[in-house]
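Going down the list, the protein sequences come from chains A and B. For the first sequence, counting from 1, position 252 maps to 251 in numbering that gives the first Met the number 0; every step adds exactly one. For the second sequence, counting from 1, position 165 maps to 164 in numbering that gives the first Met the number 0; every step adds exactly one.
No lab work stands behind these hints, which were simulated from the structure alone. Positions of the beta carbon are idealized from the N, C-alpha and C atoms, including for glycine. A few of these clues could be false.
Dumping the calculated DSSO-like pairs for lysine-lysine here, alpha-carbon to alpha-carbon at most 30 Å [what the hints assert, rightly or not]: (1) B:Lys-129 to A:Lys-466; (2) B:Lys-324 to B:Lys-43; (3) B:Lys-125 to A:Lys-125; (4) A:Lys-249 to A:Lys-22; (5) B:Lys-324 to A:Lys-22; (6) A:Lys-125 to A:Lys-466; (7) B:Lys-324 to A:Lys-539; (8) B:Lys-324 to B:Lys-22; (9) B:Lys-129 to A:Lys-125; (10) B:Lys-43 to B:Lys-22; (11) B:Lys-56 to B:Lys-22; (12) A:Lys-256 to A:Lys-22; (13) B:Lys-56 to B:Lys-43; (14) B:Lys-324 to B:Lys-129; (15) A:Lys-466 to B:Lys-125; (16) B:Lys-246 to B:Lys-43; (17) B:Lys-246 to B:Lys-56.
Footprint (simulated), chain B over chain A, 3 or more residues, beta carbon under 8 Å [claimed, not checked]: (18) 100 to 109; (19) 116 to 126; (20) 221 to 232; (21) 690 to 701.
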Amino acid sequence: MSLMPNSRSVMPFTALVGQEAMKTALVLNAINPGIGGVLIRGQRGTAKSTAVRALARLLPEIDVIVGCRYRCDPEAPASWCDDCRARADAGTPLVVERRRMRVVELPVNASEDRVVGTIDTEAAIKLGERRFEPGLLADANQGILYVDEVNLLDDHIVDVLLDAAAMGWNVVEREGISFSHPSRFILVGTMNPEEGDLRPQLLDRFGLCVDVTGLRDLDERVRIMERDSQRSWDGAGLESQFLDSEDHLKAVIQEAKRLLPRVQITPTIGWFIALVCIDAGALGHRADIVVSGAARTVRAWDEAERTVRARAAGVAAEPDDRLVVTTADATTAAELALAHRRRNRQDGVSQPGGAAAERSRERLEEIAQEAEAAVVSEQTSESGAEPPDDSGSGEEGESPGQVQGSEQATQAVTRRSAEQLFEGEIFPVRKIALPRDRRSRSTTGKRSSSRSSDKRGRYVRATQTEKTTDIAFDATMRAAAPHQVRRRADQPADHVGPALHLERQDLRQKVRHRRTGTLIVFVVDASASMDAEQRMQATKGAVLSLLRDAYLRRDKVSLVVFSGRAARVVLQPTSSVDLAEQRLQRLTVGGTTPLTHGLVAGLRIVRTERLRDPTVYPLMVLISDGRGNISLFGEEPLVEAQRVAEQLGADGVHMLVIDSARDHTTRPMPRVGSHNRPPLFGGYGFNACRDLADRAGGEYLGLYDLSQGAIVEGVEKTLRGRMAQ
Amino acid sequence: MTVMQTGRNVFPFTAIVGQDLMKQALILNAINPAIGGVLIRGEKGTAKSTAVRSLTKLLPGLDVVADCRYGCPPDDADLQCSECTVRVESGETLPRSRRQMRVVELPINASEDRVVGAIDIEAAIKRGEKEFEPGVLAEANRNILYVDEVNLLDDHIVDVLLDAAAMGQNTVEREGVSVSHPSRFILVGTMNPEEGELRPQLLDRFGLCVDVEGIRDVRQRVEIVERREAFEEDPTAFAARFEPAEKAEADRIARAMSMLSDVVVVRNILVAIAALSIELEVDGHRADIVTRKAAQALAAHEDRAAVGLDDVEHVAPMVLAHRVKPGLSGSRRGLTDLAEILRTAHDGDGSLEN
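Sequences and hints are given; from them, build the entire structure.
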């Protein structure tokens with residue numbers, strides 16, 4: 000088990016400069032685990048991991064049952080492990096002790112057996128006992144489970160994690176072990192959005208989400224360097240310098256935990272929270288619940304801060320029995336809880352700070368007023384009735400006034416968000432999602448044994464096969480473990496041999512996951528005709544948006560440009576999008592249209608890349624008007640292009656033809672000719688691009704469609720065809 | 000995993016002609032390993048691996064716990080593995096020995112279990128015990144980890160490599176073993192950019208980056224060939240010829256290491272460094288921190304008591320080469336404006352408004 004180092008020179012939490020939102024979110028979770036964790040998104044090098052690791056030392060103490068390896072909570076019998084329950088049933092008094100909450104780290108390359116737990120092989124082999132060996136989900140019970148680079152976590156680990164998080168319980172059925180134990184943990188993840196997205200289900204599991212960026216303030220940056228320098232030369236000095244503030248924060252967290260049950264939410268705040276969530280377009284009700292929980296925690300923290308300070312000054316301080324959440328608390332909570340739940344986000348990354356934050360603050364103020372008005376109208380209509388006292392009153396019996404108030408407020412909010420939605424459509428976000436290739440994950444059994452030479456890739460799981468060529472020793476050992484006693488008994492008494500008795504049926508094969516990369520070859524027409532109507536501009540836009548997506552998927556891209564009398568390979572296959580963007584920016588247009596040259600150059604790239612990696616999935620995106628006018632083999636240019644297109648199809652290159660002539664100046668053309676073999680020159684209506692696409696067995700789109708998001712479907716459809724293979 | 004041969008017949012570091020930036024980047028990392036390694040970009044046959052191998056000869060020996068498989072330092076409890084910690088706590092005096100720093104090479108086809116370590120199959124079959132068999136990351140602890148063609152490594156291997164490099168420890172939760180051990184090393188990677196790039200996230204984890212190319216100067220090229228021939232003919236005599244230079248450089252590095260923590264970095268220098276990162280729109284704060292460390296190491300190497308703006312100006316391109324994004328609009332300032340940005344910020348009135 001990898002607990003975070005507690006003693007090594009860790010940067011003290013309070014010594015971290017700036018990044019207040021991140022620190023707030025972490026502390027709120029330490030006070031109230033019910034908030035449900037936090038996701039920290041941000042650029043590289045912004046102290047994300049450092050902050051989480053530093054938090055480990057500030058975590059409060061919790062009550063646990065002595066001797067329980069899952070650290071069961073004595074207050075929650077419903078979530079006791081079998082062991083504790085059995086002890087309680089037997090009438091054994093459960094002793095309680097205070098233990099510090101801990102941070103358990105889940106490395107990105109962790110294997111499933113270590114996450115969920117498995118059979119204790121040593122006990123099985125040596126003692127012949129079938130015991131459960133707890134994994135990280137057991138260690139994390141009543142603690143924090145921290146995943147660095149959470150977006151890079153393998154899907155099957157994510158599934159396990161989601162299961163456990165949803166049920167608060169880890170159920171293990173594997174290798175002859177049938178076991179379940181409580182696993183209630185706070186999920187904390189850090190990620191760099193540039194490296195890929197998070198699955199929506201996993202994203203929603205995180206109670207809060209903060210986006211961090213590098214600080215722009217000179218003074219703060221200087222302080223960061225100074226602190227880092229101090230840590231490396233005089234770690235102990237830095238720690239003692241911050242000892243007081245660390246102790247203070249620790250005390251505040253503990254105190255806030257104590258005060259939390261006293262904090263209540265007034266109806267006005269309840270309204271406010273509901274309206275804010277509606278306004279953000281948050282799906283489901285988790286948002287409301289998280290915001291309320293976080294808002295209460297903010298209040299508890301605030302009060303705790305005051306009492307701890309007062310006590311330090313020698314004043315006995317005890318806050319009221321009933322603490323009330325303010326609009327400011329709820330606003331703070333909403334900002335942290337809604338960042339990843341907002342619909343209509345631009346490009347997945349919201350930029351903190353700046354004008355957007357300013358606007359959203361104003362918006363929150365408006366909502367606060369609306370909530371106020373709604374509740375006031377409720378109260379006046381009930382004239383004489385008691386002022387609403389507890390947080391639940393909003394839901395009970397609806398008087399006419401209440402309905403009126405609620406409708407007004409809700410209408411105002413929904414109207415506003417409808418306007419926002421409309422604004423969003425004016426600036427289309429061209430997000431093109433290429434579906435992920437799952438084919439490689441299923442390479443098991445015979446198929447992979449036929450490729451036994453290729454033992455590369457990441458070992459993700461083990462499976463049983465007829466012929467084991469790439470043995471997964473750990474899984475084999477676990478499979479053999481339950482049978483050790485019987486097998487040993489079968490041996491003659493004086494037999495001396497290895498401790499582990501293996502049989503053929505124990506053998507397990509490694510399932511390796513190696514991303515079969517996609518190679519996207521852009522073949523771009525840079526002839527004079529592309530100058531018209533800013534076609535090149537649109538083309539660049541299209542290619543750029545495809546490039547960004549290619550990076551997230553770790554696809555390789557290549558760029559071929561043709562104009563004049565030749566095609567140029569501007570960019571050999573690379574995974575560097577920066578490089579591709581750079582080259583793309585420098586494109587200029589002019590000259591004739593050597594279409595065939597371009598297609599042949601593209602085909603050559605695909606063939607070369609196939610030599611390097613036979614599993615590569617090639618996709619060619621041709622952007623042209625399809626009117627080639629330069630011959631490569633001495634034939635009619637159009638006929639040549641058609642031949643190459645057919646060759647591309649025969650080579651298994653998937654083709655997407657984007658017709659640059661079909662831009663916003665032209666209406667979509669009716670389809671001409673039969674589907675299979677259109678006439679060579681069908682006269683005026685002949686569509687050269689669609690013809691090329693048909694011959695290559697690919698997709699056809701107009702540049703016109705780009706602005707309508709149809710290209711998204713186009714690329715997806717093209718790639719989905721491959722899944723069916 | 001192969002431990003590179005660092006025996007007698009190593010081409011002396013000081014005999015390498017040219018490639019000053021690369022040599023300097025390596026030395027800076029040797030002086031302060033916290034700089035975070037070097038990425039060397041460039042063509043084949045530019046003395047990259049020769050330089051790395053011969054560097055170890057210039058470094059002072061390491062005190063290690065004689066029988067620790069991670070080569071823990073006997074005196075620094077903070078950096079010891081859990082096994083050594085347990086031994087110290089049980090009152091044992093750790094056996095000491097002294098050895099040279101090594102170069103551990105990571106082959107391009109290394110599998111993940113060889114890199115991070117895996118279950119010891121022999122112990123499992125013979126005794127039914129679950130033991131951890133350390134991998135390359137364990138071997139690399141307190142040594143130099145050399146990865147040729149780092150851009151051709153599988154993504155997931157690079158991930159674990161850089162994770163370990165950043166954390167200084169390797170955490171294994173796979174194949175039935177659960178271990179965490181120290182893994183602090185100087186990471187030296189080489190790559191040929193024409194064969195594919197590294198992901199920016201990974202690039203950022205390399206402290207410094209230098210571009211090398213073949214030397215164009217004819218006289219120097221001749222010199223290279225002559226030295227190489229002399230070396231191959233009689234390595235001992237060749238080594239003897241460079242012995243004084245080697246000794247001088249080794250002393251210089253040792254002195255730099257001992258004075259490093261006393262080299263002063265005044266506030267204005269830090270302001271200039273921060274301004275540079277802001278102006279060039281570098282992500283995060285790692286660049287600032289690395290620049291400071293590298294400048295400090297450079298000043299120590301040149302036996303100066305304080306970091307000057309020249310030091311920053313000298314190391315900044317190495318720190319920023321792989322971190323500055325290519326400007327899209329062209330309006331953004333680039334590395335060419337480096338000196339100007341630094342001077343403006345440094346000579347400012349000291350106020351922190353930018």
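Against the structure, the hints come out as follows:
1. B:Lys-129 to A:Lys-466: Holds. B:Lys-129 to A:Lys-466 sits at ~26 Å (cutoff 30 Å).
2. B:Lys-324 to B:Lys-43: 25 Å, holds
3. B:Lys-125 to A:Lys-125: 11 Å, holds
4. A:Lys-249 to A:Lys-22: Between A:Lys-249 and A:Lys-22 the Cα gap is close to 13 Å, so the pair holds against 30 Å.
5. B:Lys-324 to A:Lys-22: 29 Å, holds
6. A:Lys-125 to A:Lys-466: Holds, at roughly 29 Å.
7. B:Lys-324 to A:Lys-539: Between B:Lys-324 and A:Lys-539 the Cα gap is close to 19 Å, so the pair holds against 30 Å.
8. B:Lys-324 to B:Lys-22: Holds - the C-alpha atoms of B:Lys-22 and B:Lys-324 are around 25 Å apart, at most 30 Å.
9. B:Lys-129 to A:Lys-125: 11 Å, holds
10. B:Lys-43 to B:Lys-22: Holds, because 16 Å separates the two Cα atoms, which is no more than 30 Å.
11. B:Lys-56 to B:Lys-22: 14 Å, holds
12. A:Lys-256 to A:Lys-22: Distance of about 17 Å is within 30 Å: holds.
13. B:Lys-56 to B:Lys-43: Holds, at roughly 23 Å.
14. B:Lys-324 to B:Lys-129: Roughly 47 Å between the alpha carbons, so the hint for B:Lys-324 and B:Lys-129 is violated.
15. A:Lys-466 to B:Lys-125: Answer holds: A:Lys-466 to B:Lys-125 is near 24 Å, not above 30 Å.
16. B:Lys-246 to B:Lys-43: 29 Å, holds
17. B:Lys-246 to B:Lys-56: Holds: B:Lys-246 and B:Lys-56 sit about 10 Å apart, inside 30 Å.
18. 100 to 109: With 6 residues closer than 8 Å to chain B, the region 100 to 109 of chain A meets the three-residue bar; holds.
19. 116 to 126: The restraint on the region 116 to 126 of chain A holds, since 5 of its residues have a Cβ under 8 Å from chain B and three suffice.
20. 221 to 232: Three-residue rule met by the region 221 to 232 of chain A, so holds; n is 8.
21. 690 to 701: Per the Cβ count (0), the hint is violated.
Comparing the model with each earlier hint shows violations of hints 14, 21; every other hint is respected.
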